[in-house]
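Enquirer: Listed below are the residues making up each chain.
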Amino acid sequence: MAKKKADPASVALNRELLRSMLLQRRFEERCAEAYALGKIGGFCHLYIGQEAVSTGTLSMLRPDDYVITTYRDHGQALARGLSARSIMAELFGRSDGCARGKGGSMHLFDKAHNFLGGHGIVGGHIPIATGVGFAIKYRGGDQCIVCFFGEAAINNGAFHEAANMAALWKLPVIYIIENNRYGMGTAIERASSIHDIYERAGSYDMARDVVDGQDVFAVRDVVGRAVERARTQGTPTLLEVRTYRFMGHSMSDAVSGTYRTKAELDQYLKRDPIMLLRQRMQDAGEISEDEMAALDAELKALVQDAWDFADASPELPLEALYEDVLVDTTSDAADAAAR
Amino acid sequence: MATKVTMEALSPTMEEGRLVTWSRKEGDAVKTGDVLAEVETDKAIMELVARADGVLLKLLVPEGTAAPVGTLLGVIGAAGEDISVVLSAAKDLLAAPTTAVPAPTAKPDVVLSAAKDPLVPPAAAPVAPGDKQALRSAQGDTGGFNRASPLARRLAGDAGLDIRTIAGSGPGGRIIKRDIEAAMSGVVLSEAKDPLVSSVEKQALRSAPGDNYRDIPLTQIRKTIAKRLAESIGPIPTFYLTAGYDLSKVMELRRAMAELGDDFKVSVNDVILKAVATALAQHPEVNSHWLGDRIRQHDRVHLGMAVATDDGLIVPVIFDAHLKRMKDLSREAKELAKKARERKLKPEEYTGSTFSVSNLGMFGIDQFTAIINPPECSILAIGTASEQVIIQDGAVGTCTVLRVTMSCDHRAIDGAVGAKFMQTLRRMIENPLMLVY
Amino acid sequence: MAIMTYRDALNAALREELRRDDRVFLMGEEVAVYQGAYKVSKGLLQEFGEMRIVDTPITELGFAGVGVGAAMVGLRPIIEFMTWNFALLALDQIVNAAAKMLYMSGGQYNMPIVFRGPNGAALQLGAQHSQAWESWLAHIPGLKVVAPGTPADAKGLLKAAIRDDNPVMVLEGEMLYNVKGEVPDSSDFVIPLGKAEVKRAGTDASIITYGKMVNIALQAAEVLAKDGVQVEVLDLRTLRPMDVPAIVATVMKTNRAVVLEEGWEVCGMGAQVVDYIQRECFDSLDAPIVRVHQADTPMPYTKSLEKAAKPDLAKTVSALRAVCYLD
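Chains as they are written, first to last, in the working numbering: chain A, 1 to 339; chain B, 340 to 776; chain C, 777 to 1103.
Fair warning: there could be bad hints in the mix.
Said to hold, decoys possible - Pair by pair, the computed Cβ-Cβ distance ranges are:
id: 1; chain 1: C; residue 1: H915; chain 2: A; residue 2: D332; range: 25 to 35 Å
id: 2; chain 1: A; residue 1: G38; chain 2: C; residue 2: T1078; range: 55 to 65 Å
id: 3; chain 1: A; residue 1: G141; chain 2: C; residue 2: P960; range: 32 to 42 Å
id: 4; chain 1: A; residue 1: T329; chain 2: C; residue 2: E826; range: 56 to 66 Å
id: 5; chain 1: C; residue 1: D1051; chain 2: A; residue 2: G38; range: 35 to 45 Å
id: 6; chain 1: C; residue 1: F862; chain 2: A; residue 2: T329; range: 28 to 38 Å
id: 7; chain 1: A; residue 1: K262; chain 2: C; residue 2: A903; range: 47 to 57 Å
id: 8; chain 1: A; residue 1: K270; chain 2: C; residue 2: F862; range: 45 to 55 Å
id: 9; chain 1: C; residue 1: A1071; chain 2: A; residue 2: G141; range: 45 to 55 Å
id: 10; chain 1: C; residue 1: S963; chain 2: A; residue 2: T329; range: 19 to 29 Å
id: 11; chain 1: C; residue 1: D1051; chain 2: B; residue 2: K562; range: 28 to 38 Å
id: 12; chain 1: C; residue 1: F862; chain 2: A; residue 2: G141; range: 28 to 38 Å
id: 13; chain 1: A; residue 1: D332; chain 2: C; residue 2: P1017; range: 15 to 25 Å
id: 14; chain 1: B; residue 1: K566; chain 2: C; residue 2: P1017; range: 44 to 54 Å
To be verified - Residues from chain C that keep clear of chain B, each with C-beta distances beyond 12 Å, as calculated:
id: 15; residue: L820
id: 16; residue: W912
id: 17; residue: P1017
id: 18; residue: Q1048
id: 19; residue: R1067
id: 20; residue: E1082
These are computed hints drawn from the structure, not numbers from a lab. Ideal placement from N, C-alpha and C gives every residue a C-beta, glycine not left out.
Okay, chain A solo, but in the shape it has when bound:
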């Protein structure tokens, strides 16, 4: 039986999804190396294993939508379209970084991509997302904001306050719980009184859903519906995306650690989202082994280029220490500039 000819648009999309996810993977593998070499300092939280969540979600947004996330933000930044160069330079603390090297791994920002930052306080950015939703409604229009956070954040007051107001005021916010099962080392069952955590939205009469976070298409599907809801009804959605972190919490955490077993990790590794997508595309005849190898080589080269770029970028001069504490403008100046 001859294989059914694939829809070219669908093939192109699937290749884009694969490319996005594989870029994140290859990028972060080199992050681990750079961290070991001391080129990246401080905290560094890897996203490996969760790439279908970022790619699946952000592939459903428009450029004028907004994205805000946590300190585990490399994957989302790449999926949102920030250049590998600007992210790697930021991780290296260099002036060509997306936050001039002042933010670091946890604080990737890019106004050009409406990427409102990686935030370091668990739950702290969830009300901010609600505020962006408020601003969208205030100004009118059909934008939305996607807010990523881990499953551990839903136990924190900021989440509840923010979710309540978004539902109360009908704001176009999509809250994505990346349920990778562990808040640092504490399993969800040890932290939350209910385990189907998307049900928390019921408290606020908010639309909600749960989805397999290793399946990029499944993620796209539920996010797509949430985006539609936001654009047309202006109302929020809480999505629980079940995924798994293949690496430790941070670079100082062993891959399996004391809180989970090697057997559990191995079980989840069988559902590597990139492997699942590749398999599906190969099964559908959408990508050959050679094409796959070529894509991988291209992305590795792209990441190497980012590394070389970051390495060559200078740190900010010392006088930059006092820059950007405050802006020296007022609304008068802004108005004048607008005129």
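Use these hints to put chains B and C onto chain A, whose structure you have.
Expert: Leaving out everything else, chains B and C in the frame of chain A:
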């Protein structure tokens, strides 16, 4: 409890004294104030008195021995008291007398330098551990000069005032701005509480007794003069002014007085003393002390008169000479000279002069230069009075001329200032009626 | 010039700025339907509608964050705390988000937001409702902090705060809301942030203060004037950035300083003022600086104890007398 008998500083400048005689012997009962010994100081023979009641248990120094100030000379205690601890300590002290006797005058400087640099940790400060007690007492002794407001320190520095010499009127004696302002205007606020003393009150304070001098801050030009001239001639850049005064009217005065009877006889020297004292009262710039960072001009005239003794020169003082009648000056001068020759002057009788006079006229010296007695700024050398030929209004005549030379410390007194004083003195001596004007 | 209360001056500032710029909105507990817990927002809902005058649930952390998010994408929120005591719940948003967003984004996201509300003690409100938080806020780089003490300053500083492109904390006073004073009518009346004002000139001692304590300082200066002592009253008005040249100028002039604040002593605003003085005016001081502040205790409800705990006229007069060595 044993009390030590030590070599005391019996004159302001004494560093060492010679025990001339013990007035008491071991075993004698003594009471506080009893004379224990006669001690020869650098100036006079003084009495050393007991500082406690008890028995003179031990005399440690034989007669004729010179000992530094602070040396243990003997011990007073209860009869039969064990004084071995005191004596063994004394041995150590005698072995190293200099460590036992901190030179008091040096200490404030140490304190000052230690206080100047707060970055120097205590251990690194140039003060030996043994000096700590001395440091503390030195701080106390200076009236706590460390307690000055930063503003007061700055103002004092700007004005060239030595803050250690200023009394503080703030809490705990803190020297504050008003004290510096007062010092600059010659007023000392000791107990004043009101920070806003009216000018009327300041006027009242200015005329209060006991503060009859003012400190004049050094101007830049004055500082430069002092520095440059000191470089030129020794530490005291001295210059000399000589004048011949016509004694004709003094002679007339002496004759007229002598005719009134022996009780009214006056000597040339008496007239000179009176004239100098009167002139000085009009020239406080000459009646002054050089204090290094400022000049102190005195309103009161404490006239020193150099007296030659067998042991050397000593300068007893006629206090408030400007207020005394010629008769009193004459009597006091004679008494002081006698006491000096008998070495009976007390320290307070030969310290505190504001200006001095040295008279070698009785030795037939025509004129000479005398050496300034610091911190005074000048001294007057009186030569002999001699008859000289003069030409006046084209006619040749004779008159009795007294040659007087004034030595001046140029740091404080400029030539014209000294000359004006000499001019005043001429008016007094050549017209002695001025002395009663 | 019109005579109006501090409350009405704030209301006028809000109204004028809401009219001037439609990006400006007011959000907080009871600001809309209730017309403001202290009626500062009286009439605004009626004029501007519920999208711009927004009642919130009692969620200080939440609605402070909403303000931050709105500011990030171009609105100019005014977030009202019913009192700054409640704002502690929102400190994460103020300190970790608003103050740092510009810096950690490498200059991309500035934060044109105002947080405002009454600060400090009123009368017998007890320990949790009677606290002055300015030193907590002024500690943080990335924030501006103002504390108006008069109706005119309330209007001018709040308007400046709303127009500023940075996060500005406006510390009002419950006990000030009814205080009357002359206020310029002009809708262009803006007091630049960071400028102190000499509220009374004097030569003999300086009292440096701000906010609610300005009136106490002026009364104390009046008392000292009877003894012939001329006290200069410097109202800092802005606590961050602080007008150090103004502090230096007054201390250089009088050589004596009392620093008066409503809050606690340890790490209080006054400590910072004293540091600036010792740094810049060391050689001009003629007396140790004296601070007047709240007693180092939680605020008691007990009337007499509360009076004893608060800085007041008597304590201020006593401090001024002490620096003038009058006692």
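Enquirer: Non-interface claim for Q1048 (chain C): all C-beta distances to chain B beyond 12 Å?
Expert: With a cut-off of 12 Å, Q1048 (chain C) remains clear of chain B, as the shortest Cβ separation is near 20 Å.
Enquirer: For W912 (chain C), which was marked as not at the interface, is the minimum beta-carbon distance to chain B over 12 Å?
Expert: Nearest chain B Cβ is 31 Å from W912 (chain C), so the label holds.
Enquirer: Given the hint of 28 to 38 Å, check if D1051 (chain C) and K562 (chain B) actually sit that far apart at their C-beta atoms.
Expert: 37 Å, holds
Enquirer: Is 19 to 29 Å right for how far apart the beta carbons of S963 (chain C) and T329 (chain A) are?
Expert: 20 Å Cβ-Cβ, so the 19 to 29 Å window holds.
Enquirer: Does the Cβ-Cβ separation between D1051 (chain C) and G38 (chain A) fall within 35 to 45 Å?
Expert: 38 Å, holds
Enquirer: Please check whether the beta-carbon of P1017 (chain C) is more than 12 Å away from every beta-carbon in chain B.
Expert: Holds, because the least Cβ-Cβ distance between P1017 (chain C) and chain B comes to about 26 Å, which exceeds 12 Å.
Enquirer: Do the beta carbons of D332 (chain A) and P1017 (chain C) sit within 15 to 25 Å of each other?
Expert: Given about 19 Å between the Cβ atoms, the range holds.
Enquirer: Could you check the hint for me, namely that K270 (chain A) and F862 (chain C) are 45 to 55 Å apart, CB to CB?
Expert: Hint holds: Cβ distance 50 Å, inside 45 to 55 Å.
Enquirer: Is the nearest Cβ of chain B still more than 12 Å from the Cβ of E1082 (chain C)?
Expert: 31 Å, holds
Enquirer: Taking the beta carbons of A1071 (chain C) and G141 (chain A), is their distance inside 45 to 55 Å?
Expert: At roughly 54 Å between Cβ atoms, G141 (chain A) and A1071 (chain C) fall inside 45 to 55 Å, so the hint holds.
Enquirer: Return holds or violated for the Cβ distance of G141 (chain A) and P960 (chain C) against the range 32 to 42 Å.
Expert: Given range 32 to 42 Å: holds, Cβ gap about 38 Å.
Enquirer: Kindly confirm whether 25 to 35 Å is satisfied by the beta carbon distance between H915 (chain C) and D332 (chain A).
Expert: 29 Å, holds
Comparing the model with each earlier hint shows a violation of hint 4 alone; every other hint is respected.
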